[in-house]
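Visitor: Those sequence lines, one after another, are chains Y, R and U.
For the first sequence, my numbering gives the first residue as 1, with consecutive numbering after it.
For the second sequence, my numbering gives the first residue as 1, with consecutive numbering after it.
For the third sequence, my numbering gives the first residue as 1, with consecutive numbering after it.
Source of the hints: derived by calculation from the structure; they are not laboratory data.
There's no promise every hint is true.
[As the list claims (entries may be wrong)] Here are a few chain R residues that face chain U, going by a calculated C-beta distance under 10 Å:
#	residue
1	VAL289
2	PHE292
3	GLN301
Each residue gets a CB set at the ideal place from its N, CA and C atoms; glycine is no exception.
Here is how the chains run, residue by residue.
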Amino acid sequence: MQLLKQIEQNGPRDLGEQIHQFAADLYPICRSITGDGVRRTLTAIQTRIPLKIFEVPTGADVFDWTIPKEWNIRDAYIKNARGERIVDFQRCNLHVLNYSVPVHERMPLRKLRDHLFTIPDRPDWIPYRTSYYRENWGFCLSHNQLKALPDEEYEVCIESALTQGHLSYGECYFPGASDEEVLISCHICHPSLANDNLSGLAVSTYLAQFVAAEQRRYSYRFLFVPGTIGAIAWLRRNCEKVAVIRHGLVLSGIGNDSGFHYKKSRRGNVEIDRAMSVVLRDNGEPHKVLDFSPYGYDERQYCSPGFNLPVGCLMRSVWGTFPEYHTSADNLDFIKPQRLAESLRLCATLVDVLENNRRYRNLLPYCEPQLGKRGLYRSTGGQAIDSEIDALLWVLNLSDGEHSLLDMSATSGQSFATICDAARRLQETGLLADICEEEEERDRDPEAVTSNPIDFTPRLSH
Amino acid sequence: MQLLKQIEQNGPRDLGEQIHQFAADLYPICRSITGDGVRRTLTAIQTRIPLKIFEVPTGADVFDWTIPKEWNIRDAYIKNARGERIVDFQRCNLHVLNYSVPVHERMPLRKLRDHLFTIPDRPDWIPYRTSYYRENWGFCLSHNQLKALPDEEYEVCIESALTQGHLSYGECYFPGASDEEVLISCHICHPSLANDNLSGLAVSTYLAQFVAAEQRRYSYRFLFVPGTIGAIAWLRRNCEKVAVIRHGLVLSGIGNDSGFHYKKSRRGNVEIDRAMSVVLRDNGEPHKVLDFSPYGYDERQYCSPGFNLPVGCLMRSVWGTFPEYHTSADNLDFIKPQRLAESLRLCATLVDVLENNRRYRNLLPYCEPQLGKRGLYRSTGGQAIDSEIDALLWVLNLSDGEHSLLDMSATSGQSFATICDAARRLQETGLLADICEEEEERDRDPEAVTSNPIDFTPRLSH
Amino acid sequence: MQLLKQIEQNGPRDLGEQIHQFAADLYPICRSITGDGVRRTLTAIQTRIPLKIFEVPTGADVFDWTIPKEWNIRDAYIKNARGERIVDFQRCNLHVLNYSVPVHERMPLRKLRDHLFTIPDRPDWIPYRTSYYRENWGFCLSHNQLKALPDEEYEVCIESALTQGHLSYGECYFPGASDEEVLISCHICHPSLANDNLSGLAVSTYLAQFVAAEQRRYSYRFLFVPGTIGAIAWLRRNCEKVAVIRHGLVLSGIGNDSGFHYKKSRRGNVEIDRAMSVVLRDNGEPHKVLDFSPYGYDERQYCSPGFNLPVGCLMRSVWGTFPEYHTSADNLDFIKPQRLAESLRLCATLVDVLENNRRYRNLLPYCEPQLGKRGLYRSTGGQAIDSEIDALLWVLNLSDGEHSLLDMSATSGQSFATICDAARRLQETGLLADICEEEEERDRDPEAVTSNPIDFTPRLSH
């Protein structure tokens with residue numbers, strides 16, 4: 001698989017615009033950790049990729065947690081003394097404290113204040129607040145609006161329902177040559193928040209579309225889950241099968257103008273961690289690789305000590321570190337078509353590394369093979385070599401069965417694509433053997449002569 | 001044990017002043033590696049802590065060394081031609097070359113010069129010089145005084161005695177729940193030198209007082225020994241028992257205005273090395289962690305290759321690097337009550353880390369446990385978490401039986417106290433098991449069901 | 001062996017001038033990978049050291065390569081329409097594309113251009129170009145000369161011959177106490193290029209002269225080989241014996257005004273890598289230690305994955321990074337007598353480290369031995385110690401059988417010479433035992449009492 005090449009060649013022109021449009025379609029939906037908002041989102045994804053939707057009933061135990069009641073909401077407002085809707089859920093779904101219990105009361109400002117959330121530092125923005133596991137109701141509004149509220153009586157109304165129902169999540173599986181899996185996971189539980197929610201699920205959907213069209217070495221599983229409780233529910237239902245997850249990535253907040261941040265898996269040096277470091281280096285844009293920490297997105301669950309899965313997290317801005325985080329300013333203007341497209345390309349490059357990372361054996365390991373007679377070397381000597389010849393020399397030198405192409409790329413500074421191409425050319429001229437194929441060969445014919453035509457082995461004892 | 005808390009709550013108000021006063025009481029005594037000066041010092045310490053005093057006879061072989069003759073001195077002076085005491089031991093005991101043999105002679109300046117020690121670069125200060133293992137006599141004086149000496153005849157007199165006697169050292173042992181020991185060692189062989197000698201032994205005495213009053217996990221041994229020969233004598237007499245020393249610290253030069261320096265043990269990464277790094281980081285003041293080197297204080301002996309004990313050395317200024325080192329300027333003004341108190345607190349914090357550093361097992365290791373229902377999480381979501389919740393998440397994530405609380409503190413950047421408190425709260429809510437207690441439990445009842453309520457184990461083979 | 005001392009004491013005064021003169025003598029010879037130029041160069045070396053010259057016949061297979069036809073050249077020129085030699089091999093042997101097939105033709109400038117090589121960026125310099133493995137002919141000239149060529153007909157003539165013959169290389173072996181070898185290798189295949197070729201072979205020749213005169217711990221093998229094909233031919237003929245190579249160094253480009261560059265062996269941390277780092281540190285001049293890469297000089301072959309020998313490469317300027325590289329500007333003015341002498345001294349210092357690097361056992365490992373009674377410590381205490389005492393303490397502390405003198409020098413920051421001297425003094429006073437001699441002793445008399453006079457061993461279990 002050369003996913004990036006496929007995307008560049010066969011992907012629609014204005015990929016970024018399309019991903020952004022998909023996010024825009026989903027933006028108005030009032031999502032939460034349960035309810036119809038999640039279902040509508042999953043259904044929209046289902047129009048693009050073969051998503052299976054799962055429903056976990058209220059009350060089901062998932063590890064230490066219990067699936068909560070399903071939350072749905074029809075309307076919500078605060079009316080002033082003149083009966084005018086001064087805070088209106090219809091205008092912005094962030095106005096309601098997510099998971100608010102129903103309420104319909106009149107009360108003075110003094111009492112109402114306990115249920116109002118604002119951001120004094122950003123007086124024009126509406127915060128996003130939740131109360132999933134403690135019954136409460138509330139409204140979020142701009143601090144300026146709060147300050148301007150006269151001291152009068154207000155009518156508050158939240159037409160929500162907390163009922164026996166289900167938690168919904170979506171899963172999309174593409175089998176590959178191997179049962180070993182690449183897991184891509186994103187959360188789908190935030191209402192009108194563009195970067196922290198929609199950017200991840202939109203890019204993930206497009207990535208799945210492109211992966212679906214290719215021959216795959218690995219199997220791929222894309223998860224679209226409500227944050228925390230959704231990932232926990234999925235892990236509970238699949239806990240006996242997670243050992244096949246060879247590489248995993250949580251995608252979140254990948255649409256805004258910021259360099260990339262990759263948070264390493266708890267193990268800290270697994271293949272996806274090393275692959276992402278090389279991919280980000282090759283990509284050339286500003287980026288930072290962060291050590292694992294137990295706060296963040298659903299890698300919290302995948303990397304809990306009982307599972308300790310090789311799952312990292314790709315972001316542009318890191319949660320909580322940018323002012324727009326969890327506010328109405330994380331809107332459709334905050335995410336950029338170009339950034340979404342670049343994020344998709346970065347993920348495709350990562351998939352290319354995972355798919356093509358192999359170990360090889362140099363079949364002529366004593367001295368350099370003569371590349372010139374195979375058309376792999378310049379004919380006039382005396383000048384510096386180019387990076388293609390340099391990559392050939394690196395691949396030959398490190399094809400000792402121990403180093404993978406990823407190791408070679410990391411050590412040499414040559415891009416993974418260049419190294420991969422060098423390995424392909426060397427294999428075509430018969431200088432390299434794929435270690436896996438070699439092992440399969442040996443399984444079929446244990447008597448087969450070894451690939452090394454020279455029959456001495458210097459005893460290098462020191 | 002929470003030693004720092006106890007000191008803060010029950011320690012006398014003006015702790016620094018008290019430690020400084022104790023140093024002041026001991027300042028005039030003319031100490032050396034043997035003799036009554038050491039004995040008087042040990043007796044003074046004995047009024048505060050249950051010190052046992054040991055006497056090793058002159059001539060005893062201790063490894064490659066022999067206990068020297070005991071040195072005592074009554075008086076010493078240089079008189080000028082008019083019979084005036086121009087250099088007078090009674091005014092400052094540094095004036096005599098420590099361990100001088102007795103002398104009473106008249107001689108011209110020319111000959112006297114060979115026995116005079118000064119510091120030309122610091123012309124107002126008297127140096128501290130010794131001649132323990134080669135018979136010699138001499139006087140130390142300021143360079144200005146030397147330059148002003150007229151070329152006349154002088155009477156020199158040192159009323160000292162080198163006799164069959166003993167080397168004295170003190171030892172104070174507080175048994176704990178475990179036989180494993182924390183060793184605190186300081187030297188007590190310098191005459192009127194405040195930082196390099198009195199600061200260490202005074203803080204050590206106070207530390208012992210506070211440790212004595214607490215329940216202890218470890219046993220504690222405080223040593224007050226003449227430098228080098230005293231430590232060697234102690235090691236010779238206790239060489240079969242040193243394997244119980246789990247952590248050790250040499251205290252010296254911890255009273256002056258300087259950031260801390262911690263010199264690591266020869267092993268370089270034992271628990272006390274890691275603990276001190278975290279303690280110094282949490283303390284926040286400027287500090288530096290130094291690699292081991294074989295020159296310094298008595299860690300030279302504890303870390304000799306045959307013993308190779310896990311013993312580090314805490315200083316403020318490093319020996320030989322500050323101008324006042326081994327001069328009359330290392331006086332009672334050079335050490336500050338506040339610095340002495342801070343050093344004591346730092347040692348107490350270290351003891352807290354050693355006492356409370358344990359490994360735990362997260363009893364719900366698959367996904368995060370639901371902290372909210374246990375009152376350990378904020379109820380309204382959407383905003384950044386505080387450091388207490390962060391610490392809870394770190395402790396849960398790293399409580400895999402492999403990581404200690406010290407590891408968690410080092411990795412997370414959260415202070416050891418915060419991590420420790422998080423572990424306590426998690427243990428109280430039943431989410432954590434102490435690995436040691438767990439192992440004891442299993443010893444008592446090998447059939448007991450394992451603590452993990454979930455009965456599957458994902459086979460994470462890679 | 002103390003090679004540096006021997007060189008300083010017995011080496012000729014103007015060593016740099018002599019080495020430079022030797023390079024100057026060899027400068028005019030038209031070398032290539034085969035032919036009489038190489039033979040004349042080897043014969044010149046043979047007048048100074050006992051070099052054996054080997055001839056490998058054309059057509060011989062050496063691993064993946066075949067020894068090419070032997071190339072010799074008598075004359076070459078381009079004549080203009082007036083019959084004037086405007087490009088003349090007799091004036092500079094770089095003018096001919098090395099390994100050009102014979103040609104004698106008339107042709108217009110348009111056609112001639114395909115066979116002309118220049119450096120547009122350095123219009124006054126003649127490039128050095130080769131075409132070993134593809135039949136071609138050509139001339140190298142300055143870009144200014146090319147630009148000035150009128151559009152007329154030219155006579156080109158290369159009187160070269162490519163015939164069945166041999167590839168020649170030289171080898172000089174000095175047996176030592178051990179069969180284990182130090183390999184010094186340099187290439188001898190470049191025509192009139194001073195730094196890239198002559199500096200390495202000239203310094204190597206002088207190094208061999210001095211090594212020859214000393215008692216040796218290791219055996220020494222000096223190779224003078226045509227680049228790539230010569231090293232490959234040598235490895236093919238000696239592949240069963242390379243396991244004795246304990247340390248190896250390729251010397252190249254060590255005559256010009258530049259700090260040193262040492263490129264580590266493929267293994268990256270073998271003794272020669274660590275030794276060279278210490279030698280360069282002690283030397284004090286600017287230098288850089290580079291990681292291994294598979295492009296460069298003949299370390300490419302020695303470090304191919306099948307051999308993976310412990311061979312590094314010492315340069316001043318790195319190939320391809322300085323403008324004079326492979327041009328007529330790499331002439332006798334480009335290399336400096338002083339630089340050549342310094343390079344020789346650096347190599348001698350390296351040999352000293354390799355020869356004298358041993359592990360010792362501190363025979364009094366419990367506490368410090370009393371250095372004073374052995375005359376190894378100052379008698380008056382109180383002042384800072386000097387670096388000689390510091391080195392004694394380091395050697396005692398790290399002589400646990402695990403650390404070599406090289407480790408001690410690297411860890412302590414004391415020069416290898418200082419550490420080595422400290423070990424000698426300690427061994428002379430009976431405080432240290434050479435681990436190798438100890439082992440031989442034990443082989444002779446297994447019942448011999450252990451060297452440690454104290455019969456307890458603290459059980460340090462943690």
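Visitor: With reference to the structure, classify each hint as holding or not holding.
Guide: Verification of the supplied hints:
For VAL289 (chain R), the interface hint is violated, the least distance from its beta-carbon to any beta-carbon of chain U being 16 Å, above 10 Å. The criterion of a C-beta within 10 Å of any C-beta in chain U is met by PHE292 (chain R), whose closest approach is roughly 8 Å, and the hint holds. Checking GLN301 (chain R) against chain U: minimum C-beta separation of about 5 Å stays under 10 Å; hint holds.
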